[in-house]
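Engineer: If you read the sequences in order, they're chains U and S. Just so you know, we're using the numbering used here here: the first sequence kicks off at 1 and counts up by one. Just so you know, we're using the numbering used here here: the second sequence kicks off at 1 and counts up by one.
Treat each hint with caution, since some may be false.
[To be verified] Below, computed lysine-lysine pairings styled on DSSO-like, alpha-carbon distance capped at 30 angstroms: (1) U:Lys56 - S:Lys1; (2) U:Lys60 - S:Lys13; (3) U:Lys68 - U:Lys52; (4) S:Lys13 - U:Lys52; (5) U:Lys105 - S:Lys57; (6) U:Lys77 - S:Lys57; (7) S:Lys13 - S:Lys57; (8) U:Lys68 - S:Lys1; (9) U:Lys56 - U:Lys77; (10) S:Lys1 - U:Lys52; (11) U:Lys105 - S:Lys13; (12) S:Lys1 - U:Lys77.
To be clear, the hints were calculated from the coordinates, so they are not data collected in a lab.
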Amino acid sequence: GNSVTQMEGPVTLSEEAFLTINCTYTATGYPSLFWYVQYPGEGLQLLLKATKADDKGSNKGFEATYRKETTSFHLEKGSVQVSDSAVYFCALSGGAGSYQLTFGKGTKLSVIP
Amino acid sequence: KAGVTQTPRYLIKTRGQQVTLSCSPISGHRSVSWYQQTPGQGLQFLFEYFSETQRNKGNFPGRFSGRQFSNSRSEMNVSTLELGDSALYLCASSLAASGGLVYNEQFFGPGTRLTVL
């Protein structure tokens, strides 16, 4: 079956530091890949997505590239802010017509001034 | 466009009771999915509905059920509540398909926090 493995936190960074959160996946076929962010007391917000190999998703300074050869979708940001403190989830859905998301365990990021 | 709304936001029940949670998707979205979030198990898929039909179901006991109405609104029901059902229940909607294209990104509501005592 499908599975997602992401680095578990917590991760603590200073403001303006570089962020990488690793995510690897196991799936049959051609999954779509997503990063979601969850702020305290809220639901999940879609951060970015990629639907095929070598696609790069980007939003709000965050980027992730769909690497089929390494089955990875690592999240990066060049300069984090305090407002980026949240829990980040990597997820996949099983391809065209599939709406079931499989999530990683989540990575809690804390950014200190 | 209004986002996904879920009611109620908080619920406290006792073991053995049943509960119904409601979800209104983004206007025009036809697919509604439900997820359970707990600290121990993380985010787990419950089921997905499209055009009033359940298309996919996760690995949960039959006490968990759902339905979708003709206006795409959805409800999920949990009967005979157990302590382990305490969780944040998240609803997500997706456009699904339009103009021959598939849109599988899902947009989540704020969740219903269920506490079972």
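Engineer: Hint check: S:Lys1 vs U:Lys77, CA-CA at most 30 angstroms. Holds or violated?
Structural biologist: Measuring from Cα to Cα gives roughly 29 angstroms; hence the hint holds.
Engineer: Would the pair U:Lys68 and U:Lys52 pass a check requiring their Cα atoms to be no farther apart than 30 angstroms?
Structural biologist: 8 angstroms, holds
Engineer: Given the proposed pairing of U:Lys105 with S:Lys57, does the C-alpha separation stay at or below 30 angstroms?
Structural biologist: 20 angstroms, holds
Engineer: For the pair supplied as a hint, S:Lys13 and U:Lys52, is the alpha-carbon distance within the 30 angstroms limit?
Structural biologist: With a Cα-Cα distance of about 44 angstroms, the restraint between S:Lys13 and U:Lys52 is violated, given a limit of 30 angstroms.
Engineer: Would the hint linking U:Lys68 and S:Lys1 be met if the CA-CA limit is 30 angstroms?
Structural biologist: 35 angstroms, violated
Engineer: Given the hint that U:Lys77 pairs with S:Lys57, does the C-alpha gap stay at or below 30 angstroms?
Structural biologist: 35 angstroms, violated
Engineer: Hint check: U:Lys60 vs S:Lys13, CA-CA at most 30 angstroms. Holds or violated?
Structural biologist: 40 angstroms, violated
Engineer: Holds or violated: are the alpha carbons of S:Lys1 and U:Lys52 at most 30 angstroms from each other?
Structural biologist: 28 angstroms, holds
Engineer: Keeping to a limit of 30 angstroms between CA atoms, is the pair of U:Lys56 and S:Lys1 held or broken?
Structural biologist: Satisfied, since the Cα-Cα distance of roughly 27 angstroms is no more than 30 angstroms.
Engineer: Taking only the CA atoms, is the gap from U:Lys105 to S:Lys13 under or equal to 30 angstroms?
Structural biologist: 27 angstroms, holds
Engineer: U:Lys56 and U:Lys77: Cα distance at most 30 angstroms?
Structural biologist: 13 angstroms, holds
Engineer: Are S:Lys13 and S:Lys57 close enough, with their CA atoms no more than 30 angstroms apart?
Structural biologist: 25 angstroms, holds
The structure is inconsistent with the numbered hints 2, 4, 6 and 8, although it conforms to all the rest.
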